[in-house]
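Colleague: Chain residues, written in single-letter form:
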Amino acid sequence: MTGVETVRGTIAADAVVVAAGPQAEALLAPLGIRFPLAAARAEMIVTEPAPLMAIGGVDGNGLYGRQTLRGNLAFGGGPHEWIATTPNGPVARPASPLIRSLARRVAEMFPRAAHLNVLRSWAGIVENTPDGRPILDRVGNVTVATMSGVGFGLSPASGHAVRDLVVDGACSFADIAKLGLARFAGLEPDWREQRGWAVADRVAADRVAADQVWA
Amino acid sequence: MSDRLAGASVVVVGGGVTGLSAAWWLARSGVDVVVVDKGIVGWEASGRNGGGASHYQSPLFAEEQRLWPQLDDLLGYPTEYVRERIIIQRDPALLDHYRAVGRMCSAMGYRVDDLDSRQAQAAVPLTDATCLGGIHLRFGGHANPQRTVQAYAWALQDCGGRVVQHCAVTGIATAGGR
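Respectively, the protein sequence lines represent chains A and B. Okay, so the first sequence: first residue is 189 according to the numbering used here, each after it adds one. Okay, so the second sequence: first residue is 1349 according to the numbering used here, each after it adds one.
These aren't lab readings, by the way, just hints derived from the structure by calculation. Keep in mind that a hint or two might mislead.
[Said to hold, decoys possible] If you anchor each label on the Cβ, the simulated ranges turn out as follows:
no., chain 1, residue 1, chain 2, residue 2, range
1, B, His1514, A, Ala302, 39 to 45 Å
2, A, Gly374, B, Asp1380, 35 to 41 Å
3, B, Pro1473, A, Asp319, 35 to 41 Å
4, A, His303, B, Arg1459, 34 to 40 Å
5, B, Asp1380, A, Asp319, 32 to 38 Å
6, B, Ala1441, A, Glu376, 29 to 35 Å
7, A, Glu236, B, Asp1444, 32 to 38 Å
8, B, Met1456, A, Arg300, 30 to 36 Å
9, B, Gln1405, A, Glu236, 30 to 36 Å
10, A, Ala365, B, Arg1466, 41 to 47 Å
11, B, Gly1378, A, Phe361, 17 to 23 Å
12, B, Arg1451, A, Gln382, 30 to 36 Å
13, A, Ala365, B, Gly1508, 31 to 37 Å
14, A, Arg288, B, Asp1461, 32 to 38 Å
Beta carbons: idealized from backbone N, C-alpha and C, even for Gly.
Construct the entire structure; sequences and hints are all you get.
Modeller: Here you go:
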């Protein structure tokens, strides 16, 4: 590895860190690094403000999220909507069948806030490894990192681990052997299909997601 | 040409929260680092998520818990981090599951208190008697994801790192010079 190629030309480097989310798999394949990922939408909704609770970090009912400082309830939480990844990244889509399921579950968890309107929803794309665990590893001067869709809270620590891998070749503060690439050596080519994560057909995938939501 | 991108000791591909934190850690270690993103830093799931910081199942858990309470000071910008977390349930099986999680965390040395329905309703005023109970994590917490990714991006630049946005990476170079 001597650098990265971009739409604005090549950037030379002594080392590279690939933390490119769903696009990482295609970036690493030409180097002979198998980095198995399935992309999914992570949908969330945000409501009108509610009176502030003393502890705003409340999970439950299949949801994760928080009350913002302004009082809005911002919550997300499964099921994943599996999507295709193109060379330019996953195709963004403006709406999801998951939103009503989220709104219903937020109203169930917070009955005294059930009258609040949903102001908006939004999605990011999260990448998922076959076993759901992060990948933090280094191959030559290429360090690879994915947190398999659970990267925000752990970011102070994952950044430290990546820094250690790049500079020292090993993590100084935790045993991250379980997070290495070696565990994928025997991974089946059809691992996505085996887990029901494949997106063979856009319409079929939408129907599956809707069935999960409305069931 | 004028917009030629300068080389760096380390290029981080991806300005999500993991790449930004990695670049911040590298920059504060004195490494010449540049983050390259096809869009805006923290624009997708990294800046739009639940904001939770309580990952007791991860090998990185202890470091997560060590760093969050000091992160605003380390970064120099607010993340809106607030300590503690409550998990409530309205399904008995799920409540049992999280009670077991609580015992596991307590065994690791992280205090968790059980909440019965009345205690849960007092702690979470927006719920009602359909809530069967919950657990109160006396660790962990949550932060504002968008402010946090911005804080990482500003902090890494304060340490001399660079951020290049709207610049898609198309491949990893395996030959050529700086």
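Colleague: Are the hints correct? Go through all of them and say.
Modeller: Outcome of the hint check:
With their beta carbons about 41 Å apart, histidine 1514 of chain B and alanine 302 of chain A fall inside the hinted range of 39 to 45 Å. At roughly 39 Å, the beta carbons of glycine 374 of chain A and aspartate 1380 of chain B sit within the given window of 35 to 41 Å. For proline 1473 of chain B and aspartate 319 of chain A, the Cβ-Cβ distance of about 39 Å falls inside the hinted range of 35 to 41 Å, so the restraint holds. Taken as a hint, the range 34 to 40 Å holds for the pair histidine 303 of chain A and arginine 1459 of chain B, whose Cβ atoms sit roughly 35 Å apart.
Take aspartate 1380 of chain B and aspartate 319 of chain A: their Cβ atoms lie about 35 Å apart, and the range 32 to 38 Å holds. Roughly 32 Å separates the CB atoms of alanine 1441 of chain B and glutamate 376 of chain A, a value that falls within the hinted 29 to 35 Å. Glutamate 236 of chain A and aspartate 1444 of chain B have their C-beta atoms about 34 Å apart, which keeps the hinted 32 to 38 Å range intact. Range check, methionine 1456 of chain B to arginine 300 of chain A: Cβ separation about 34 Å, and the 30 to 36 Å hint holds.
Restraint check, glutamine 1405 of chain B to glutamate 236 of chain A: a C-beta distance of roughly 33 Å satisfies the suggested window 30 to 36 Å. Distance hint check for alanine 365 of chain A and arginine 1466 of chain B: the Cβ-Cβ separation is about 45 Å, which falls inside the suggested range of 41 to 47 Å. Distance hint check: the CB atoms of glycine 1378 of chain B and phenylalanine 361 of chain A are about 19 Å apart, consistent with the given range 17 to 23 Å. For arginine 1451 of chain B paired with glutamine 382 of chain A, a C-beta distance near 33 Å keeps the hint of 30 to 36 Å intact.
Between alanine 365 of chain A and glycine 1508 of chain B, the C-beta spacing of about 32 Å keeps the proposed range 31 to 37 Å intact. Our hint of 32 to 38 Å for arginine 288 of chain A and aspartate 1461 of chain B holds, since their Cβ atoms are close to 34 Å apart.
The structure is consistent with each of the numbered hints, conforming to all of them.
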